[in-house]
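These protein sequence lines map, in sequence, to chains A, B and C.
Oh and the first sequence: position 351 is 351 in the numbering used here, straight run, nothing missing.
Oh and the second sequence: position 146 is 146 in the numbering used here, straight run, nothing missing.
Oh and the third sequence: position 19 is 19 in the numbering used here, straight run, nothing missing.
Everything labelled a hint here was simulated from the structure, so no lab data went into it.
Watch out, some of these pointers could steer you wrong.
[Stated by the list, open to error] Listed below are several chain A residues computed to face chain B (Cβ distance under 7 Å; list not exhaustive):
#1 Thr149
#2 Gln150
#3 Lys153
[Said to hold, decoys possible] 27 Å max Cα-Cα, derived DSS-like pairs, lysine-lysine:
#4 Lys33/A <-> Lys331/C
#5 Lys85/A <-> Lys294/C
#6 Lys134/A <-> Lys83/A
#7 Lys83/A <-> Lys375/A
#8 Lys182/A <-> Lys153/A
#9 Lys305/A <-> Lys188/A
Here the structure is a predicted model, which is why all the values come from computation and not from measurement.
The beta-carbon is built from N, C-alpha and C at its ideal position, and this holds for glycine as well.
One-letter residues, chain by chain:
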Amino acid sequence: MHKLFRRTAIAQALVFSAFVGVGGLAALPANAKVEGDTIVLGSAISITGKYSSNGVNAQNGYDFAIKRINEMGGVKVGGKSYKLKVIYYDDESTPARGAQLAERLIKQDNIKFMLGPYSSGLTKAIAPVTEKYKIPMVEAEGASRSLFTQGYKYLFAVLSTSEQYLASSIALAAEMAEKQGKKPSTVKIAMAFENDPFSLDVRAGVVDDAKKYGMKVVIDDKLPRDLSDMSATLTKVKALKPDVLVVSGHEKGATTAARQIKEMNIDVPLIAMTHCESGKVVQQFGASTNGFLCPTQWSETLSYKDKYFGSAADYDKAFKAAYPSYKTVPYQTAQASAAVLVWKDAFERANSFDTEKLRQALSATEMETFYGNIKFSPAGNNVAKPMVLRQIQNGEYKVVAPTKWASSELQYPRKASQ
Amino acid sequence: MLDNLSLLVDAPVLNAQLLLDGLFIGATFALAAYGMALVWGVMNIKNLAQGDFVILGGYIAVSLSSVGLNPVLALPIAVVIMFAFGWITYKLIISRIIDRDLFTSLLATFGLAIVMAQAMNLIFGADVQTAESGMDTLLLGDFVTVNEIKIVSLVIAAVLATIVIVFMKRSRMGQAIRATAQDVRAARVMGIDTDRVYAFTFALNSAICGAAGVLISMIWVIQPYFGITHTIRSLVIVTAAGLGNLPGVIMAGFGLGFAEQYAGFVFGAEFQQATVVGLLVLILIVRQIQQARHRQVVQ
Amino acid sequence: MRPAMAVFNKLLYAGILVAGVIAPMLFPDYTLQLALLWIMILFSLTWDLQGGQMGYNSLGNIFFFGAGMYICAVVQIGLYYDVADYTAAFGAVKVDFTDQQYFTGLALGVIAAAVASIGLAVIFGRIMFGLRGPYFAIGTLGVALAAAELVGTWEYVGGGGGISLPVYPGDPDVRSQFFYLLCFILTVATFVCLRWLYTTRFGLALNAIRDDEIKAEAMGIHTTRYKTVAWTVSAFFLGMSGALFGNMIGFIEPLEVAFPTTTFGIFMVLMVLLGGKGTIWGPVIGAVLFHVIKEVTWTYMLGWQWITLGVLIIINVIYFQQGIMGWAQEKWPERFGLVVDRRTTISSKEESA
Chain A
1 MHKLFRRTAI AQALVFSAFV GVGGLAALPA NAKVEGDTIV LGSAISITGK
51 YSSNGVNAQN GYDFAIKRIN EMGGVKVGGK SYKLKVIYYD DESTPARGAQ
101 LAERLIKQDN IKFMLGPYSS GLTKAIAPVT EKYKIPMVEA EGASRSLFTQ
151 GYKYLFAVLS TSEQYLASSI ALAAEMAEKQ GKKPSTVKIA MAFENDPFSL
201 DVRAGVVDDA KKYGMKVVID DKLPRDLSDM SATLTKVKAL KPDVLVVSGH
251 EKGATTAARQ IKEMNIDVPL IAMTHCESGK VVQQFGASTN GFLCPTQWSE
301 TLSYKDKYFG SAADYDKAFK AAYPSYKTVP YQTAQASAAV LVWKDAFERA
351 NSFDTEKLRQ ALSATEMETF YGNIKFSPAG NNVAKPMVLR QIQNGEYKVV
401 APTKWASSEL QYPRKASQ
Chain B
1 MLDNLSLLVD APVLNAQLLL DGLFIGATFA LAAYGMALVW GVMNIKNLAQ
51 GDFVILGGYI AVSLSSVGLN PVLALPIAVV IMFAFGWITY KLIISRIIDR
101 DLFTSLLATF GLAIVMAQAM NLIFGADVQT AESGMDTLLL GDFVTVNEIK
151 IVSLVIAAVL ATIVIVFMKR SRMGQAIRAT AQDVRAARVM GIDTDRVYAF
201 TFALNSAICG AAGVLISMIW VIQPYFGITH TIRSLVIVTA AGLGNLPGVI
251 MAGFGLGFAE QYAGFVFGAE FQQATVVGLL VLILIVRQIQ QARHRQVVQ
Chain C
1 MRPAMAVFNK LLYAGILVAG VIAPMLFPDY TLQLALLWIM ILFSLTWDLQ
51 GGQMGYNSLG NIFFFGAGMY ICAVVQIGLY YDVADYTAAF GAVKVDFTDQ
101 QYFTGLALGV IAAAVASIGL AVIFGRIMFG LRGPYFAIGT LGVALAAAEL
151 VGTWEYVGGG GGISLPVYPG DPDVRSQFFY LLCFILTVAT FVCLRWLYTT
201 RFGLALNAIR DDEIKAEAMG IHTTRYKTVA WTVSAFFLGM SGALFGNMIG
251 FIEPLEVAFP TTTFGIFMVL MVLLGGKGTI WGPVIGAVLF HVIKEVTWTY
301 MLGWQWITLG VLIIINVIYF QQGIMGWAQE KWPERFGLVV DRRTTISSKE
351 ESA
């Protein structure tokens, strides 16, 4: 019996030392929200995992804007000039981790000002955390409409919501049908959307618009997240001959669709898909992508400008100079930079580090940036900036809608040279 | 769902398209599954990193094609690199778990899968990538399309399978591998260096996976995290066909290819992945019932 | 039992209980991580019930965690709203739970999760326990993966879009403490329950199944019944932990939160291997160590944390599979009671390996 006694003692000692280990973790130094002359922002971003390419695009966008602001004299609050800095954690593209890291940024690193993560799913996981601690978050990469129906007060998004991504392509299809003397209600739609919060919301937008015109949805497939093949869906497309094919599934969806549309000679008059640019479809599949409609949050050809980056084209040039590995600048990067500009503007107008005052300043934001105009609705989404629809014409992205920005005519039906 | 079924009946040509697509991809599945069956049968190791070896082979093709080499020509290079990679992996990890229980091999190769997927993410990025062979698409009749690369890859898969079979039957090493699989102790007594045989077997598996990966990168797309689904596919095929049953593996490979295509067509793409995993569970249950019946007969 | 030891034991457990209660007060900023630590301990304890005590290595126990999470969420929402409307992609209903609605929903949800998990364990136990050895591992893994895929196609529960759970009414710090306490109590209950189980005939029967199932059956032990009951015990606690975890995180979706087969699902196995299979303290120690290692690498090895973890897994499995408790037993056998019995069980495990 004495031996048993000692055995438990060993176990107890081991458990105890492990708890001491946890305690040791707790004793790490905590960063303050403002250290000396530096304002510390926090962000959980996807450095590894399936969203990591756009996660890094967004991170580069944040860093690029912060460097530019710091070079141009930083942020002036209360007559003093502050530099900006971001603490990043890797959320591994998983919502559970994202929520934990947001908690950690707020509780352990004492972050009072948050920048958003990448993707709607991660934002959906982090927004409840920032909300409950009343920490304002300016996010640039979560577009799902469901983020703005929860009554969040501390969430501000610089981008247009996702139901607008492909809805305008439905309007275009209706317009084209009328031009050919057909009723819009005769238009048949094929849809393939990835099974994730972002794409499902894009889908909801398309379904709403299709209903408005009385169009018929003939295919409604959802792509699993690790699917590397959609030929079964495309075989259905060949059989049912829809007038419009819409695809949304981040880069993976765009690349897979573009490749198999090329291989299977898919001949649909109107093809629209998200993430053409970051999916690099033109570089990879060349002329076969001719005529794809690609929605974008931002284009370097637009005429917005601000005093930090100049025009959209200037931003494009400066970013490529700073990060030479980028051949084109994805809109994910541009909107991340815009989110940093929003923070700077809010700090200066609030003239304070008080999160309540900052929240009020943020909700009163009304500014023009190289990325577009920014003005938040009471729900927190940006209502001042339209989505732009571009068409791939001879390997170039040309703006075709809305008419205000259009630089070229829509090519209809699309002519793909195989 | 019923619409889609009636579509198949009304337009039989659709079946031709689905069957062809299933056939071409099934061939690459069978290739990777054969490698898994080889390692499982000879070394009693279940390799949960199988799919990651496939993806790594694909990335070698993508990297080589990005410097201007046609991925078809990259295949032999990928095979050689993957052979060496498999040998090193054996020496570093597999040799230490070879005489341990199967659960140990499952866990250790699972750890390996994590390391490989993450390392590929760091090196190649998380974007999906493809290797472009630059071949055209053939039109059969006025509906069915077949990309030439798919035909080429089917031929390559067939050639590779033949080479492996001949190698296993005729060469000294092949005979040694089969002898080791039958009885390790007897093989050792007969003077076979079983450690070398194991190393060779694992490296051969890795090379086969590499070849399958090159083919998949040319006809589908690859991403660092796609490994697990390819592992599951191999598991499905091997459990359905059994070990040491090459015709069975090939048939099961094609069967899985067809099943995926038809599930995607009839139920919608969202069920394509679920079908693979569902089949795995189903096959295990069927096998179990068969065995139970067999036991009763014996009693 | 000698009185000195009984006193020491009481002190020991009292100490751990007190430490558990005051920990979030000492480190209020770490409440969520500490709550997660308790869940990790629960994971490894319930896994060890099959893997360690019964010799059935399941890779799919995470299935009950996810099932509990979703069942709880559906109950919480379904009591007051239409679930399909609530989970629609664009959030068609404006939700507002009163305090009473929230707590009733949560309580009923957790109970439903526990009960339903038992049911699921009975059903899947029937199917799975015919599989032996590695086939059992692969089969259970298949069930967990299939569940993730199928829930992802089920629009009623939001499919791949996931569900945002009702928000805790009240102060966020109180919320953290509240969930911390629930996780703490649940894990302590698991520990007490399992510790008691292992002292009964039931525990001996499980060990008999592990050591030689056919002989156990020949001795008249109704093995299938024991195996199924053991699985329902695991499922009962895992289901509730899933329900709590989902509410703690606030947003659930099938692949990465509810059925994370390749993270939590495999972590529970590794934690047990790290601490030592088939002991009551091994899983606890393994979970604590693993959690600390993980948090440290996640902080200091940004981008490389997964590779570090993978390498640790391989090293652990290859060189240190007996775990800390197993190692301690080998190193100081004379300090452990029942030396002879323990040694034979260890060596017989290696033989069957």
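These are the hints, each one checked on the structure:
1. Thr149: violated, 25 Å
2. Gln150: violated, 26 Å
3. Lys153: Nearest chain B Cβ about 33 Å off; hint violated.
4. Lys33/A <-> Lys331/C: Violated - the C-alpha atoms of Lys331/C and Lys33/A are around 49 Å apart, more than 27 Å.
5. Lys85/A <-> Lys294/C: Between Lys85/A and Lys294/C the Cα gap is close to 26 Å, so the pair holds against 27 Å.
6. Lys134/A <-> Lys83/A: holds, 23 Å
7. Lys83/A <-> Lys375/A: holds, 25 Å
8. Lys182/A <-> Lys153/A: Violated, at roughly 46 Å.
9. Lys305/A <-> Lys188/A: Cα-Cα ~40 Å, so violated.
Figure legend: structure checked against the earlier numbered hints; hints not met, in rising order: 1, 2, 3, 4, 8, 9.
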